[in-house]
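Q: Sequence:
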Amino acid sequence: MYWRIFLLNAAVLVVAVLLLLGPVTVSTPVLHGEALVLGVGLAAMLVANAALLRVGLAPLQRLARAMATADLLRPRSRPAVTGHGEIAELTASFNAMLDRLESERATSSGRVLTALEGERRRIAQELHDEIGQTLTAVLLQMKHTTDRAPAPVREDLTQVQEAVRSSLEEIRRIARRLRPGVLEELGLHSALRALAAEFTTPGLDVRPHIDPGLPALDQDTELVFYRVAQESLTNVARHSGAGRAELRLRSLPHGGVGLLVRDDGKGVGGAAEGAGIRGMRERALLIGADLTVAARRGGGTEVRLEITGPQGPQGYRDSSSEEHGAEEQTR
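Add 21 to the 1-based position in the sequence shown for my numbering, that's all there is to it.
Just so you know, the hints here were simulated from the structure itself, not pulled from any lab data. Heads up, the beta-carbon is just placed ideally off N, CA and C, and yes, glycines get one too. Hints should not be assumed to be uniformly reliable.
Cβ pair distances, simulated, as ranges [claimed, not checked]:
| no. | residue 1 | residue 2 | range |
| --- | --- | --- | --- |
| 1 | Thr-329 | Asp-120 | 18 to 26 Å |
| 2 | Ala-237 | Leu-137 | 50 to 58 Å |
| 3 | Val-181 | Thr-90 | 37 to 45 Å |
| 4 | Glu-294 | Ala-170 | 52 to 60 Å |
| 5 | Arg-83 | Leu-207 | 46 to 54 Å |
| 6 | Gly-319 | Val-181 | 42 to 50 Å |
| 7 | Pro-233 | Arg-75 | 35 to 43 Å |
| 8 | Arg-228 | Ala-89 | 40 to 48 Å |
| 9 | Leu-137 | His-260 | 31 to 39 Å |
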């Protein structure tokens with residue numbers, strides 16, 4: 022870089038000296054015509070110097086733009102390494118640093134998500150085994166007490182019994198969200214249909230569409246697809262104000278599998294991405310998938326998760342397969 026700038030400036034100065042030694046001369050005192058020639062010559066030198074420096078520093082400017090827009094959750098193409106010297110070495114070092122950071126982030130994110138899934142399973146199991154069974158025993162005892170209670174008290178006990186039953190159903194619903202048992206037992210297709218039915222309410226109609234003959238996905242990839250669909254529908258139900266949503270699992274034209282969740286709500290607008298979308302991006306990176314969250318034409322939001330050549334994620338392993346047999350016995 023130093024020698025490139027030095028040689029560019031030296032070339033401009035050499036040209037100026039040659040002009041002064043040749044057709045351009047300066048007398049004492051300086052005549053108006055000579056001053057005009059010198060002014061024009063100085064302006065030409067500055068313009069030439071600026072143009073040459075812009076050309077010489079263009080690779081550094083491209084590298085600066087790449088540094089400013091780098092995002093580990095949105096991998097982009099690396100800046101090209103062109104030429105020789107310090108700029109080429111700096112560009113190559115920057116690309117190597119991005120590769121290393123993305124790899125380390127994928128590994129650490131995989132460990133965090135593995136621990137998160139394990140904790141979700143533990144909480145779901147405790148809700149099912151401890152609180153769920155306790156509430157079930159309370160319901161049985163209350164039914165026995167209600168049947169033997171006098172008429173004035175029986176109605177109050179019935180209302181309490183219904184409240185306990187509603188709490189038990191809510192705990193079971195939370196446990197199903199924390200631990201997708203349908204996914205483990207029946208696969209992704211049935212899990213997505215059950216998920217769509219769970220989010221379908223009087224104010225929101227979620228319609229699932231599963232294409233036949235989809236390529237097989239491994240267990241970890243299915244879990245990522247399920248969690249992205251779950252988070253997307255949660256955002257639709259909480260924030261979009263939509264009346265209809267579509268959940269589609271389909272084959273891609275170039276091979277692979279794609280998940281599409283779209284709604285007719287108010288769209289993402291200019292809101293910054295929250296923790297939920299960032300979590301979806303981290304999960305997508307772990308399986309080498311592309312995640313796109315964008316506004317739909319005509320209103321609404323569209324979430325696309327696409328993977329080609331499905332394969333298991335690196336650094337991310339759900340521990341469900343090891344614990345599934347034991348938990349089935351417990352249930």
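Q: Does each hint fit the structure? Answer for all of them.
A: Hints and how they fare:
1. Thr-329 to Asp-120: 18 to 26 Å: Holds: the Cβ-Cβ distance is about 20 Å, inside 18 to 26 Å.
2. Ala-237 to Leu-137: 50 to 58 Å: 25 Å, violated
3. Val-181 to Thr-90: 37 to 45 Å: 59 Å, violated
4. Glu-294 to Ala-170: 52 to 60 Å: 55 Å, holds
5. Arg-83 to Leu-207: 46 to 54 Å: 51 Å, holds
6. Gly-319 to Val-181: 42 to 50 Å: Because 49 Å falls inside the window, the suggested range holds.
7. Pro-233 to Arg-75: 35 to 43 Å: 57 Å, violated
8. Arg-228 to Ala-89: 40 to 48 Å: Since the Cβ atoms of Arg-228 and Ala-89 sit about 42 Å apart, the hinted range of 40 to 48 Å holds.
9. Leu-137 to His-260: 31 to 39 Å: 22 Å, violated
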